[in-house]
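Knowing the structure of chain C, use the given hints to seat chain B on it.
Number of protein chains: 2
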Amino acid sequence: MNEYPSKVLQEAVEAISSLPGVGARSALRLALHLLHQPKENVRHFADAVSGLADNIHYCNTCSMVSDGEQCSICADSSRDHGQICVVESVRDVLSIEATGQYRGVYHVLGGIISPIDGIGPSDLTITRLVERVREAEGNLEVILALSGDVEGETTSFYIYRQIEALGPKVSTLARGLGFGDDLEYADSLTLGRSIVNRQPFKV
Amino acid sequence: MNEYPSKVLQEAVEAISSLPGVGARSALRLALHLLHQPKENVRHFADAVSGLADNIHYCNTCSMVSDGEQCSICADSSRDHGQICVVESVRDVLSIEATGQYRGVYHVLGGIISPIDGIGPSDLTITRLVERVREAEGNLEVILALSGDVEGETTSFYIYRQIEALGPKVSTLARGLGFGDDLEYADSLTLGRSIVNRQPFKV
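Quick note, the sequences are listed as chains C and B, same order. Using our numbering, the first residue of the first sequence is number 1, and each one after it goes up by one. Using our numbering, the first residue of the second sequence is number 1, and each one after it goes up by one.
Just so you know, nobody snuck in bad clues.
In the EDC-like style, the derived pairs of lysine to aspartate or glutamate whose C-alpha atoms are separated by at most 16 Å in a straight line are:
{"no.": "1", "chain 1": "C", "residue 1": "Lys169", "chain 2": "C", "residue 2": "Glu135"}
{"no.": "2", "chain 1": "B", "residue 1": "Lys39", "chain 2": "C", "residue 2": "Asp47"}
{"no.": "3", "chain 1": "B", "residue 1": "Lys7", "chain 2": "C", "residue 2": "Asp54"}
{"no.": "4", "chain 1": "C", "residue 1": "Lys7", "chain 2": "B", "residue 2": "Asp47"}
{"no.": "5", "chain 1": "B", "residue 1": "Lys7", "chain 2": "C", "residue 2": "Glu69"}
{"no.": "6", "chain 1": "C", "residue 1": "Lys7", "chain 2": "B", "residue 2": "Asp54"}
{"no.": "7", "chain 1": "C", "residue 1": "Lys169", "chain 2": "C", "residue 2": "Glu137"}
{"no.": "8", "chain 1": "B", "residue 1": "Lys169", "chain 2": "B", "residue 2": "Glu137"}
{"no.": "9", "chain 1": "C", "residue 1": "Lys39", "chain 2": "B", "residue 2": "Asp47"}
{"no.": "10", "chain 1": "B", "residue 1": "Lys39", "chain 2": "C", "residue 2": "Asp54"}
{"no.": "11", "chain 1": "B", "residue 1": "Lys7", "chain 2": "C", "residue 2": "Asp47"}
{"no.": "12", "chain 1": "C", "residue 1": "Lys39", "chain 2": "B", "residue 2": "Asp54"}
{"no.": "13", "chain 1": "B", "residue 1": "Lys169", "chain 2": "B", "residue 2": "Glu141"}
{"no.": "14", "chain 1": "C", "residue 1": "Lys7", "chain 2": "B", "residue 2": "Glu69"}
{"no.": "15", "chain 1": "B", "residue 1": "Lys169", "chain 2": "B", "residue 2": "Glu135"}
{"no.": "16", "chain 1": "B", "residue 1": "Lys7", "chain 2": "C", "residue 2": "Asp67"}
{"no.": "17", "chain 1": "C", "residue 1": "Lys169", "chain 2": "C", "residue 2": "Asp80"}
{"no.": "18", "chain 1": "C", "residue 1": "Lys7", "chain 2": "B", "residue 2": "Asp67"}
{"no.": "19", "chain 1": "C", "residue 1": "Lys169", "chain 2": "C", "residue 2": "Glu141"}
{"no.": "20", "chain 1": "B", "residue 1": "Lys169", "chain 2": "B", "residue 2": "Asp80"}
Since the hints were made in silico from the structure, they are not lab data. What you are looking at is a predicted structure, and each value in this text was computed from that prediction instead of being measured.
Looking at chain C on its own, in the form it has when it is part of the complex (with noise of 0.2 Å):
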């Protein structure tokens, strides 16, 4: 890190560039440009990201980041609480709300189930999604939507083997090419379980 004549510009540069992904040029160039804007712009901005530690809140119910004790998803009643999408992170969500196609609620695990890292079954919201799951009324499907390498199948397989006796419908996401891929450069394995998993054509 070089050194800057001024300690004010110099602990911005080394905070910015703290980021994942942002050099220390970057930093530098996003300092400047911050120092040549308005004073109100630059506290409205250090605002919005204290924001980030001191007025973020997580659901009680699915854990997703929210502004109170419920979620806007969890407090919408227009939405299918007789689906329970089980995701990793908040980004899932995020991804998963972008596509439009999902009507239903979540669970954010916070992590996945690695030995490799120490994190363990209850590091996690698993306790909390069984007795979301116990408590549920009517029919209730579980939607596993975890990653395919291999924590993710064992984080599935776990909670699975949690919730099977409750009695949920239990699926996962399906897997195979993706819309508009080339059969060419498909890996061999997702290839391979395309055809293993074949579909019904629809016209």
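Here is chain B on its own, set in the frame of chain C:
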């Protein structure tokens, strides 16, 4: 801009994506990164940034960013106060400092004369520069280190006219091929000037 289930998250993402070169997806990635940091780190980040609005000063002499009324360069008696390097911006000072080749002091204009952008001489710190030249004791060299475009040349010429009667030595940056540059890829204007302004061969 997507609608996020949390207004706090939404505001943070919007603030971060207002930075130049940071798109909505990167802003979300950075916001989620901060969200998963310890609260103290996020507050420290926000404080460091708001310092750019609240704690930054500009040097009374050279207009460089500073932590007080005089910047650390102007306050440094080991530097040569008989050389004033005139630059457009704070960024240029940092670039020249990073070379480690200059031991004089600076004068930050805070911009460049540009009628198209409505920036005239009175918007810059030229009056203060003329004062500094007038007050200088002993031999003074003013180095005009502005960019080589029309605005830079115009500003250099304007400043030269303002200070020439006061008798300082006035110099400008050497221009020519970059060190290590290949003739084949040099633009013809630079190459042409390099031949006209050729220098004695040194061994």
